[in-house]
Amino acid sequence: MIENLVRKNMLSLSQHENAYEDVANEISILLDANENPFGSPAKNEENLNRYPDPNQTLLKEKISTIKGVPPQNIFLGNGSSEVLDVLFRIFCEPAKDWCVTCPPSNSLYERLAKINDVEVARVPLQKNFDLNVGEILEHNQNTKILFLNSPNNPTGNALHNEDIEFLLGKFQGIVVIDETYINYSRQPSFISLLPHFPNLIIVQTFSKAWGLAGLHLATAYASSFIINLMNKVRPQFNINAPAQHFALSALDNLNWVNEHIRKTVALRENLSTELKKIPNVKYVYPSQANFLLVRFQNAATIYNSLLVEGIAVQDVSMKVHCENCLRITVGTEIENNILIEKLKNIA
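Counting from 800, one number per residue, gives the positions in the sequence shown under my numbering.
Everything labelled a hint here was simulated from the structure, so no lab data went into it.
Note that the structure is predicted; figures quoted are calculated from it, not measured.
Hints may be right or wrong, so weigh each one.
Stated by the list, open to error - In silico DSS-like cross-links for lysine-lysine, where the CA-CA straight-line distance does not exceed 27 Å:
| # | residue 1 | residue 2 |
| --- | --- | --- |
| 1 | K895 | K969 |
| 2 | K1081 | K1141 |
| 3 | K1075 | K1007 |
| 4 | K969 | K1062 |
| 5 | K1081 | K1143 |
| 6 | K1141 | K1118 |
| 7 | K1075 | K1118 |
| 8 | K1031 | K866 |
| 9 | K1143 | K1118 |
| 10 | K926 | K1118 |
| 11 | K1007 | K1062 |
| 12 | K1075 | K913 |
| 13 | K861 | K807 |
| 14 | K969 | K861 |
| 15 | K1075 | K1062 |
| 16 | K866 | K1143 |
Work the whole structure out from these sequences, hints included.
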């Protein structure tokens, strides 16, 4: 029972107040929230003097249509960091509970665990970056949340479907699958498994394929029970009005998104081919994301030399199984060509 995983004080938490939600369309004079009735000095913006829709109704309805998930199974967060932080607060007792991470992976999981005073059990991926399923299940009795990242950051590989489905059936806690890079992957989303596994939570973002990193907007998909708890814990107005407005606008341009996903994937494969021709490159890992993990003869030298040339990449050499590796985002064709030319000139 998922209820048994929830912190007891969360079960009695009430929803945020919204006194006239059912008759909102009939209200024309707003004198309840102590807002400024004279508008805002911001140019070309309307209604910024009013609080945003706390339920993000229109945005959730639009996402529901695209994803095929009911609105009551959708949560919107101020970035993945808020989504994951809310989950820690719902399920993990500080100084008592544990979570499991599978490094090398997103460092955000362990950072949020530390902030929430939750112990971390690290089960490294195998050298081929597959999950170590058996070792994960050894922590079954002591942990509340298992974090999986597919496609994985910084390695770029998609985790095997059969491993994830097996863990969903055997792991006794919450399984969070971070699908930040799913749009670039051949692997379909695990959203279709939500009706079968009440312990499953999917996290996605508008920051990558949707090109809206400046909005810092993320989504979670889960059972209505879990989503209801998440909405109780989050700040009432966590998604501001401009973020809701621009996200709705983006969702009306699905063709643009799909076109640029195809372009990014093609550029990724071309960049991989060109990188393999460079003598300093030892290995380019296959990727299903919008970046490549590249092993160099001397990653530190390459990293610093690129910085001097005005090119920023990510040095991930200190992560498990990533010695002398850089994570390189797929740029535009011009940016990728400049990168290749600079790398050719670095001894």
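Hints that the structure is at odds with (numbers, increasing): Per hint list: 4, 12, 13, 14 and 16 violated.
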